[in-house]
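Visitor: Now for the letters of each chain:
2 protein chains.
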Amino acid sequence: MAGGGAAASALSSPWRSLLQRALDGNAHLKHSTFFQLATVGGGGGRPANRTVVFRGFQEQSDKIQINTDARSNKIGEIRNCPFGEICWYFTDTWEQFRISGFIDVIDGSSPDPVKLQLRERAWFGSSVKSRLQYLGPCPGLPIPNDDLVKDVHIDPSAGPVDAFCLLVLDPEKPSLCMDKTPSDAYCR
Amino acid sequence: MAGGGAAASALSSPWRSLLQRALDGNAHLKHSTFFQLATVGGGGGRPANRTVVFRGFQEQSDKIQINTDARSNKIGEIRNCPFGEICWYFTDTWEQFRISGFIDVIDGSSPDPVKLQLRERAWFGSSVKSRLQYLGPCPGLPIPNDDLVKDVHIDPSAGPVDAFCLLVLDPEKPSLCMDKTPSDAYCR
Numbered sequence: 001m002a003g004g005g006a007a008a009s010a011l012s013s014p015w016r017s018l019l020q021r022a023l024d025g026n027a028h029l030k031h032s033t034f035f036q037l038a039t040v041g042g043g044g045g046r047p048a049n050r051t052v053v054f055r056g057f058q059e060q061s062d063k064i065q066i067n068t069d070a071r072s073n074k075i076g077e078i079r080n081c082p083f084g085e086i087c088w089y090f091t092d093t094w095e096q097f098r099i100s101g102f103i104d105v106i107d108g109s110s111p112d113p114v115k116l117q118l119r120e121r122a123w124f125g126s127s128v129k130s131r132l133q134y135l136g137p138c139p140g141l142p143i144p145n146d147d148l149v150k151d152v153h154i155d156p157s158a159g160p161v162d163a164f165c166l167l168v169l170d171p172e173k174p175s176l177c178m179d180k181t182p183s184d185a186y187c188r
Numbered sequence: 001m002a003g004g005g006a007a008a009s010a011l012s013s014p015w016r017s018l019l020q021r022a023l024d025g026n027a028h029l030k031h032s033t034f035f036q037l038a039t040v041g042g043g044g045g046r047p048a049n050r051t052v053v054f055r056g057f058q059e060q061s062d063k064i065q066i067n068t069d070a071r072s073n074k075i076g077e078i079r080n081c082p083f084g085e086i087c088w089y090f091t092d093t094w095e096q097f098r099i100s101g102f103i104d105v106i107d108g109s110s111p112d113p114v115k116l117q118l119r120e121r122a123w124f125g126s127s128v129k130s131r132l133q134y135l136g137p138c139p140g141l142p143i144p145n146d147d148l149v150k151d152v153h154i155d156p157s158a159g160p161v162d163a164f165c166l167l168v169l170d171p172e173k174p175s176l177c178m179d180k181t182p183s184d185a186y187c188r
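Protein chains in written order, with this note's numbering: chain H, 1 to 188; chain P, 1 to 188.
Among these hints, one or two may not hold up.
[What the hints assert, rightly or not] With a straight-line Cα cutoff of 20 Å, these simulated SDA-like cross-link-like pairs (lysine to any residue) come out:
hint, chain 1, residue 1, chain 2, residue 2
1, P, K63, P, W94
2, H, K30, P, G25
3, H, K129, P, S110
4, H, K30, P, K63
5, H, K30, P, A27
6, P, K129, H, N26
7, P, K30, H, N26
8, P, K30, H, K129
9, P, K129, H, A22
10, P, K63, H, T91
11, H, K30, P, S110
12, H, K30, P, H31
13, P, K30, H, G42
14, P, K30, H, A22
15, H, K30, P, G159
The hints are simulated quantities; they were obtained by calculation from the structure and are not laboratory data.
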């Protein structure tokens, strides 16, 4: 995974070391790389929350990468209010990391060649099966069965499709919070 | 747990039946009753997100109960913007429930005797160990060791302490969303 252990040890953020330790300690669990991302949605600025997958740290930084579909509701939400809070709960060690920060939305229309390169790297860093999802129906719609995805083919050497979008959350260190949960009392 | 299987079967909401099935199917996992609650916090209406514990459904309703500390940041946040979105991810079955709705904050100052009774019931429905947390230091502060909690004693027959607060989220059915995750593409 991009920006894994070696990169972590090269950086000095205490929270990053703790997070890396939690990732290592829970690596046997597939879901250890899943976390919940809260944003402020439509409907009068109400909160929105969903599970996403950690796609590594951006190289030489503490920025957290998430792949998503440019057609998903969260893109509009983030463009309207570019902040998010990750709640990352490790079920075996009962550790919770809350990481808030600015979110950069990088889709194919970005004018910045460096950002486009990051997006391309994230695309090729995903499995071919994962890339197929971006050729499927609009996210949020029910998927009747797997046949829809099975019937779609993709050239493994082809670059990112329009629907592929990279989110990059830049942690604001002062608001980081590491808790031992569950505890009704100690959750902010 | 209050409002468990029997109550669920008496109600007809399709999402409630699906949720109950997920709870039953994941009951062997301690963390199956944990979910992430997003609210809109201070700092210019930014999102906030934390893990909380499902404390059952309110009797004869689909309302979701959460115990919390009246001193936690989320109380002020919810008073300011009384909406939340739960993201409840079941790690074994890869099912995600997103449940948004209005949140009612019920602390000891509520003028409504029915609500106060609900709060009292939630208090006595918690373990004595769980109640002790509300006599501890302010939430969000580091806990150096368990001695602080060990030194606190509580009369098991005594009613709720000031810091004990019940949150009741009233699901807005149209915004409910059940996804199979993880899928970068299909997370709204």
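Visitor: Each of the hints needs a verdict: does it hold here or not?
Guide: Each hint tested on the structure:
The hinted pair formed by P/K63 and P/W94 fails the criterion: a straight-line CA distance of about 23 Å is larger than 20 Å. The suggested pairing of H/K30 with P/G25 holds, with an alpha-carbon distance near 18 Å, which does not exceed 20 Å. Note on H/K129 and P/S110: the hinted pairing is violated, with a Cα-Cα distance of about 53 Å set against a maximum of 20 Å. At roughly 31 Å between alpha-carbon atoms, H/K30 and P/K63 are farther apart than 20 Å, so this suggested pair is violated.
About 19 Å separates the Cα atoms of H/K30 and P/A27, which keeps this hinted pair within 20 Å; it holds. A hinted pair counts as satisfied when its Cα atoms are at most 20 Å apart, and P/K129 with H/N26 does not qualify at roughly 27 Å. Restraint check for P/K30 and H/N26: satisfied, since their Cα atoms lie roughly 16 Å apart, inside the 20 Å limit. Distance hint between P/K30 and H/K129 is unfulfilled; the C-alpha atoms sit about 32 Å from each other, more than 20 Å.
A C-alpha spacing of about 26 Å is found between P/K129 and H/A22, which places the hinted pair above 20 Å, so the restraint is violated. Between P/K63 and H/T91, the direct Cα distance comes to roughly 25 Å. Violation of the 20 Å bound is thereby established for this hinted pair. With a C-alpha separation of about 44 Å, the suggested pairing of H/K30 with P/S110 is violated against the 20 Å cut-off. Only pairs whose Cα atoms come within 20 Å are accepted, and H/K30 paired with P/H31 is accepted, the gap being roughly 15 Å.
Between P/K30 and H/G42 the alpha-carbon distance is near 34 Å, which puts this suggested pair outside the 20 Å criterion. Taken as a hint, the P/K30 and H/A22 pair is honoured in the structure, with Cα atoms around 19 Å apart against an allowance of 20 Å. With a CA separation close to 42 Å, the supplied pair H/K30 and P/G159 exceeds the 20 Å bound.
In this structure, the earlier hints numbered 1, 3, 4, 6, 8, 9, 10, 11, 13 and 15 are contradicted, and the remaining ones agree with it.
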